[in-house]
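Chains as they are written, first to last, in our numbering: chain U, 1 to 212; chain P, 1001 to 1212; chain X, 2001 to 2212.
Worth double-checking, as some hints may not be accurate.
Quick list of simulated restraints, FRET-style, between CB atoms [stated by the list, open to error]:
id, chain 1, residue 1, chain 2, residue 2, range
1, X, 2180, U, 153, 25 to 31 Å
2, P, 1029, U, 177, 44 to 50 Å
3, U, 210, P, 1198, 27 to 33 Å
4, U, 9, X, 2205, 34 to 40 Å
5, U, 201, P, 1201, 47 to 53 Å
6, P, 1094, U, 97, 44 to 50 Å
7, X, 2096, P, 1178, 34 to 40 Å
8, P, 1074, U, 206, 35 to 41 Å
9, X, 2064, P, 1173, 21 to 27 Å
Counterexamples of contact, computed for chain P against chain X with all Cβ distances above 12 Å [unchecked claim]:
id, residue
10, 1081
11, 1119
12, 1169
13, 1202
These are computed hints drawn from the structure, not numbers from a lab.
Just so you know, these numbers come straight off a predicted model, no measurement behind them.
From the three backbone atoms N, C-alpha and C, an ideal C-beta is built for every residue, glycine too.
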Amino acid sequence: MNTSDYIIETITVLGTAAFALSAVLAALDKQLDIFSITVLGIITAVGGGTIRDCILSVPVFWALDISYITIAIVACIIGFFAFPLVQLGRANKLYLYIDAVAIAMFAIQGANKAWEMGFGLPVAPVMLGVITATGGGVIRDVLLHRPSLLLNKELYAIPVALGCIFYTIIYLFLPEYIEFGAVAACSLIVYLRHLSIQKHVCVPQWAIIKHH
Amino acid sequence: MNTSDYIIETITVLGTAAFALSAVLAALDKQLDIFSITVLGIITAVGGGTIRDCILSVPVFWALDISYITIAIVACIIGFFAFPLVQLGRANKLYLYIDAVAIAMFAIQGANKAWEMGFGLPVAPVMLGVITATGGGVIRDVLLHRPSLLLNKELYAIPVALGCIFYTIIYLFLPEYIEFGAVAACSLIVYLRHLSIQKHVCVPQWAIIKHH
Amino acid sequence: MNTSDYIIETITVLGTAAFALSAVLAALDKQLDIFSITVLGIITAVGGGTIRDCILSVPVFWALDISYITIAIVACIIGFFAFPLVQLGRANKLYLYIDAVAIAMFAIQGANKAWEMGFGLPVAPVMLGVITATGGGVIRDVLLHRPSLLLNKELYAIPVALGCIFYTIIYLFLPEYIEFGAVAACSLIVYLRHLSIQKHVCVPQWAIIKHH
């Protein structure tokens, strides 16, 4: 395994764990038990990729590599006992950045999977990238009766969509630079999430629909 | 392309746009931004057919023909800027009729796809017709935390189901008249929706469960 | 058809009916009409297995054998007219036990289907068993805006998961006793549900996350 594979695997592990931990954080004000949290954590971590693989009609990724489920379970158990730490502002911010890297990785992974299968080019890679990155979180919010992150004024789905569109444009016009494109698209997503987390950049007023 | 194909394509475009516009209307009292509305519009427009294609294990229709996604996006952007017009009573009624034609078309399209694949006859065509026509709207309502249209006293799912059952009966007993059956089934759905929209016909009292 | 097949078929019929009836019970305080209840009953009865079959990329079970849909419809219609009887304490408890047998059967059926396809062993059988048994109820609760049974302090998903894990261990280490393992796993699920129904055993206090 070379350095690049090692980096990707590390980020995948951290990303899956970050998604699972988001279920622990979401559960804090719901008095959930550790088992419910673990179920929710697994759904959050693998939900998006599962929808993507159903749409692509390929075997789901967590059936091919069981480590995703294992990581999600371990992250939920650690998160359950460590949650007072997670609640601290700094840990929360760390979590937001891990989550940002995770959605960036998963978005480009999802878009890339559609490209490699030549599936519905060039629209489907963008759709599937967004679905992979946000699907699990959407199901988590539905099950917890929380406002959906898809409909949030915070920049969450927009960075993911822009990153996937950027990646798709590189694939279309500069396919020989696609490795660079993947890194740039991930960086773009993480940077836009950073603006939202650190600078509280959000959707401008003119873009919000108003009821008269 | 002959006249019949041209009519079907026109109605498909209008139907996809109508579904997408329903997300704009649904967003009016939620202060959503244009990006969230577009995401919601795409989900509403292609959600039902996506579930149908996952169940049928065939490639999703919007991967084979990207115009569906394009139409949904354009409809959402136009709807966002034109929504004061859409709010007017007459525009709203026009919208309800376009939506009625759209669910009729999509229901029969969904039922027909199951028939052509010989999939789970004769029950699956009815199920898949209803899923195609209502699935997107159901997901939209779940994401917006609105009461589901499936559980509405208004006639929405009933016309769709009756239309699909009628189409299935024609396919079973009079397959040589199936083109006529498709038109008649669509007309039945639109007529029942018309009764609901114009005459406020709804579910009778005896059919509503009561808690003692 | 031998005795064993006859027992399995009887339990499948009762289980499907129990799932469908749960929609009638859930509808009691929502003033739903018979048609909405039937739609909800069908979704509850076949939802879990449908998600499982989409993940497994196999034709959905209700397309191969239409009796599932028929049973769900008949159970909803009977339940609608008989609901004052269903409300009585004893009928309700009977219902909970039929439901317990149903989730046990459906969980092991789901796990077994994954094993027979050699799909994602040994994690996927547990996941798919839980999805088959609980998926329909989860969708029902989402559509009714009720707290999800997955996140309930009552023992519902835990027995199902433990039963599937037990079944998976038998399959891994004692495959020659798998028929016995299936019966034992089902019994375990029913017994744990019995403890929850009769003795009100629930998740212990230490396992519940607390917000400081």
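Hints, one by one, checked against the model:
1. X/2180 <-> U/153: 25 to 31 Å: Violated - the Cβ-Cβ distance for residue 2180 of chain X and residue 153 of chain U, about 57 Å, lies outside 25 to 31 Å.
2. P/1029 <-> U/177: 44 to 50 Å: 46 Å, holds
3. U/210 <-> P/1198: 27 to 33 Å: 30 Å, holds
4. U/9 <-> X/2205: 34 to 40 Å: Hint holds: Cβ distance 38 Å, inside 34 to 40 Å.
5. U/201 <-> P/1201: 47 to 53 Å: At roughly 49 Å between Cβ atoms, residue 1201 of chain P and residue 201 of chain U fall inside 47 to 53 Å, so the hint holds.
6. P/1094 <-> U/97: 44 to 50 Å: Holds: the Cβ-Cβ distance is about 48 Å, inside 44 to 50 Å.
7. X/2096 <-> P/1178: 34 to 40 Å: For residue 2096 of chain X and residue 1178 of chain P the Cβ distance comes to about 46 Å; the hint is violated.
8. P/1074 <-> U/206: 35 to 41 Å: Violated: the Cβ-Cβ distance is about 19 Å, outside 35 to 41 Å.
9. X/2064 <-> P/1173: 21 to 27 Å: 23 Å, holds
10. 1081: Nearest chain X Cβ is 32 Å from residue 1081 of chain P, so the label holds.
11. 1119: 6 Å, violated
12. 1169: For residue 1169 of chain P, whose nearest Cβ neighbour in chain X is about 15 Å away, the distance exceeds 12 Å, so it holds.
13. 1202: 9 Å, violated
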